[in-house]
Amino acid sequence: MANQRSKYEHLMYPIDWIEERSGLVGGIKYFLFRKVPSDINWFQTLGSATLTAFLVQATTGVMLAMYYKPDAKSAYPSIVHITNDLFAGWLVRGMHRWGASVFIILMFMHMGRVFLFGAYKYPRELTWIIGVILVALGLAEGFTGYLLPWDQTAYWATTVGISINGTAPFLGPFIAQFLQGGEFINNDTLSRFYAIHMLLLPAMIAGLIALHLYLVIRLGVTSPPWSKDAAGSGPLDDESEEKHG
Amino acid sequence: MADDRRVFRERQFRQYKSDVKKRGKPFHPYAMLHDTIMSLVTVGVIIALAVVWKWTTPGDHTGIVMHDGVASTEGTSGWLGKLTDDPADPGTISFTPRPDWYFYFLFYLLRIFKWPESVILGTIGIPTICVLLLIALPFLDTRAERRPLRRPVAMVTGVLVIFSMGIMTYRGATANESLGSELIGKVPEWAKQQGFANNPKAVAGAKLFAVAGCMNCHVYLGNGASNLGGPELTAEGAQHRGILFQVEHLKCPSCVTKGSAMPAFASQGQANLTLMAEFLEASQGPK
Ligand code: HEM
Numbered sequence: 001m002a003n004q005r006s007k008y009e010h011l012m013y014p015i016d017w018i019e020e021r022s023g024l025v026g027g028i029k030y031f032l033f034r035k036v037p038s039d040i041n042w043f044q045t046l047g048s049a050t051l052t053a054f055l056v057q058a059t060t061g062v063m064l065a066m067y068y069k070p071d072a073k074s075a076y077p078s079i080v081h082i083t084n085d086l087f088a089g090w091l092v093r094g095m096h097r098w099g100a101s102v103f104i105i106l107m108f109m110h111m112g113r114v115f116l117f118g119a120y121k122y123p124r125e126l127t128w129i130i131g132v133i134l135v136a137l138g139l140a141e142g143f144t145g146y147l148l149p150w151d152q153t154a155y156w157a158t159t160v161g162i163s164i165n166g167t168a169p170f171l172g173p174f175i176a177q178f179l180q181g182g183e184f185i186n187n188d189t190l191s192r193f194y195a196i197h198m199l200l201l202p203a204m205i206a207g208l209i210a211l212h213l214y215l216v217i218r219l220g221v222t223s224p225p226w227s228k229d230a231a232g233s234g235p236l237d238d239e240s241e242e243k244h245g
Numbered sequence: 001m002a003d004d005r006r007v008f009r010e011r012q013f014r015q016y017k018s019d020v021k022k023r024g025k026p027f028h029p030y031a032m033l034h035d036t037i038m039s040l041v042t043v044g045v046i047i048a049l050a051v052v053w054k055w056t057t058p059g060d061h062t063g064i065v066m067h068d069g070v071a072s073t074e075g076t077s078g079w080l081g082k083l084t085d086d087p088a089d090p091g092t093i094s095f096t097p098r099p100d101w102y103f104y105f106l107f108y109l110l111r112i113f114k115w116p117e118s119v120i121l122g123t124i125g126i127p128t129i130c131v132l133l134l135i136a137l138p139f140l141d142t143r144a145e146r147r148p149l150r151r152p153v154a155m156v157t158g159v160l161v162i163f164s165m166g167i168m169t170y171r172g173a174t175a176n177e178s179l180g181s182e183l184i185g186k187v188p189e190w191a192k193q194q195g196f197a198n199n200p201k202a203v204a205g206a207k208l209f210a211v212a213g214c215m216n217c218h219v220y221l222g223n224g225a226s227n228l229g230g231p232e233l234t235a236e237g238a239q240h241r242g243i244l245f246q247v248e249h250l251k252c253p254s255c256v257t258k259g260s261a262m263p264a265f266a267s268q269g270q271a272n273l274t275l276m277a278e279f280l281e282a283s284q285g286p287k
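In order, the protein sequences belong to chains A and B. The C-terminal position of the first sequence is numbered 245 in the UniProt record's numbering, with every residue numbered one higher than the one before it. The C-terminal position of the second sequence is numbered 287 in the UniProt record's numbering, with every residue numbered one higher than the one before it.
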């Protein structure tokens, strides 16, 4: 064993090199081998499933962006081209389109489990609030993405959607005007929606997910509340022991 | 009291940390295994949906058919709907605007709150209040208790919210739409009931009205839908607003009625708009 190890030791050099400079390997080890309550269950996989759905959206979205053309003349033909001419284009587009629904459903299911578990309570309030913002941003992704195929459904659903935005007090008309970029939905609306859909919102969502996960790791996940030996539910130990953090 | 609660919950969290340290198991491989399986299921479901979408599309699965040498998407709905709809055309509006399914509950709210007095409540008010309530939840419910059976208020509220969202999504999805092609057949009957059969301009305007998509939001003589909360127009002419007003309003509804959610119909052109205005002014309510 010992012999073998030294034989392959040089393979570890790059990793050691990175670790020495960044401490990242230690971080990843901490992430992987940190303790979680022994009674966690399947409900608690919904968060990571949501993350997976988001990653599917990000990946397929980048692929679509390579062929999609965000102007009123070529948007529709480029969508038809992706769907019918490109190799597996229908699959990438189909995954992006239906992945959006799956992402939203999973977000709501994850939210439901957090609610059921009472996991929004102290000290996880901030994790919850970030989650609520993520739902809003996720829905905004759905709204802006819906226009991009530039077909009848897209055009008219968005027309009404923007008008509805415009009815909001104070900021409403400004937001509607900004989204639309003119008196009607036009070329500018499309490129605006595209920029928001593929740059602004995904960046915000990714950043907030990172914060969300940082908090989840820092605070730990809750035990199912009905579990007999749920962590932190028994009689409190004597104070003296450890400090938290 | 509040202080006691604070001390208690801090101690309880410390207890949680020490319990996890003593009795917990490492994230990898235990939680990792479950998370990986669930993620694979997620990706599997997404791929399956994409495949069903494409391969239940009738014909050659391209979602495009030729009618007399013109490309069209008519009748290409598979189990999950069309691959693409017809290209956007600002001129013809003969169908109902439909958002993606997860906005149906919002669309249904618009049916409950009618234009114009309370529509803002439905569109902006209720959603904003919901988001604010969700954000406030951890501060409204500050008890340490997490067991569902000991949180009856939270559980009942949660079930009611899920239930009503479900119902509204369903009602939004099944809200009946009327098609322009069906409505145009009713024009002679309208003309008879309203007594404008001898006014060719009003009749032409009625036909435009039937196919331009007005009736996705407005009711006229019992036809059409109040989906989006537009007012009934059966007796619009009885208000004697005049042709000029009607044309200006159709061109840009929100310029005339501040905050109107009705889309602009300026793309119909002055001539068509004047015909529609004739029709509206001729609609005095059935004799
Ligand atoms: C992009 C969307 C989201 C992602 C990727 C995500 C990811 C995660 C992950 C991986 C976990 C840990 C494992 C688990 O509990 O499933 C978690 C926990 C948590 N999430 Fe989310 N989440 C998202 C949205 C939300 C939403 C919408 C809410 C609620 C409004 C929320 C509130 C929470 C809370 C409070 C926890 C801590 C749960 C506990 O400690 O038991 N998250 N999230």
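Rather than coming from a laboratory, the hints here were simulated on the basis of the structure. Each residue gets a CB set at the ideal place from its N, CA and C atoms; glycine is no exception. Keep in mind that a hint or two might mislead.
Far from chain B by the CB rule (all over 10 angstroms, computed), these chain A residues [unchecked claim]: (1) Lys7; (2) Ile15; (3) Asp16; (4) Ile18; (5) Ser22; (6) Gly26; (7) Ile40; (8) Tyr68; (9) Lys69; (10) Tyr76; (11) Trp90; (12) Phe178; (13) Gly181; (14) Ile185; (15) Ala203; (16) Leu215.
With a cut-off of at most 25 angstroms between alpha-carbon atoms, the simulated DSS-like pairs for lysine-lysine come out as follows [what the hints assert, rightly or not]: (17) B/Lys21 / A/Lys29; (18) B/Lys17 / A/Lys228; (19) A/Lys35 / A/Lys121.
Verification of the supplied hints:
Every Cβ of chain B is farther than 10 angstroms from the Cβ of A/Lys7; the closest lies at roughly 27 angstroms, confirming the non-interface assignment. No Cβ of chain B approaches the Cβ of A/Ile15 within 10 angstroms, the least distance being about 17 angstroms, so the stated non-interface status holds. Every Cβ of chain B is farther than 10 angstroms from the Cβ of A/Asp16; the closest lies at roughly 21 angstroms, confirming the non-interface assignment. Listed as outside the interface, A/Ile18 is consistent with that label: its C-beta sits roughly 20 angstroms from the nearest C-beta of chain B, beyond the 10 angstroms cut-off.
The beta carbon of A/Ser22 is kept farther than 10 angstroms from every beta carbon of chain B, the shortest such distance being approximately 20 angstroms. For A/Gly26, the requirement that its beta carbon stay farther than 10 angstroms from each beta carbon of chain B is met, with the minimum near 15 angstroms. Some Cβ of chain B comes within 10 angstroms of the Cβ of A/Ile40; the nearest lies about 6 angstroms off, and the non-interface call is violated. Against chain B, the non-interface label of A/Tyr68 holds: every CB pair exceeds 10 angstroms, the least being about 13 angstroms.
Even its closest Cβ contact with chain B, about 14 angstroms, leaves A/Lys69 beyond 10 angstroms, as expected for a residue assigned away from the interface. For A/Tyr76, the condition that its CB be more than 10 angstroms from all CB atoms of chain B is violated, with the nearest at approximately 4 angstroms. Non-interface status of A/Trp90 relative to chain B is broken: a Cβ of that chain comes within 10 angstroms, the nearest being about 5 angstroms off. The non-interface label for A/Phe178 is consistent with chain B: the shortest C-beta to C-beta separation is roughly 15 angstroms, beyond 10 angstroms.
No beta-carbon of chain B comes within 10 angstroms of the beta-carbon of A/Gly181; the shortest separation is about 15 angstroms. With 10 angstroms as the threshold on Cβ separation, the claim that A/Ile185 sits away from chain B is violated: the shortest Cβ distance comes to roughly 8 angstroms. Even its closest Cβ contact with chain B, about 21 angstroms, leaves A/Ala203 beyond 10 angstroms, as expected for a residue assigned away from the interface. With 10 angstroms as the threshold on Cβ separation, the claim that A/Leu215 sits away from chain B holds: the shortest Cβ distance comes to roughly 13 angstroms.
Restraint check for B/Lys21 and A/Lys29: the C-alpha separation of about 16 angstroms stays at or below 25 angstroms, so the hint holds. A threshold of 25 angstroms between alpha carbons decides the hint, and for B/Lys17 with A/Lys228 the separation of about 17 angstroms falls inside it, so the pair holds. With a C-alpha separation of about 21 angstroms, the suggested pair A/Lys35 and A/Lys121 falls inside the 25 angstroms cut-off, and the hint holds.
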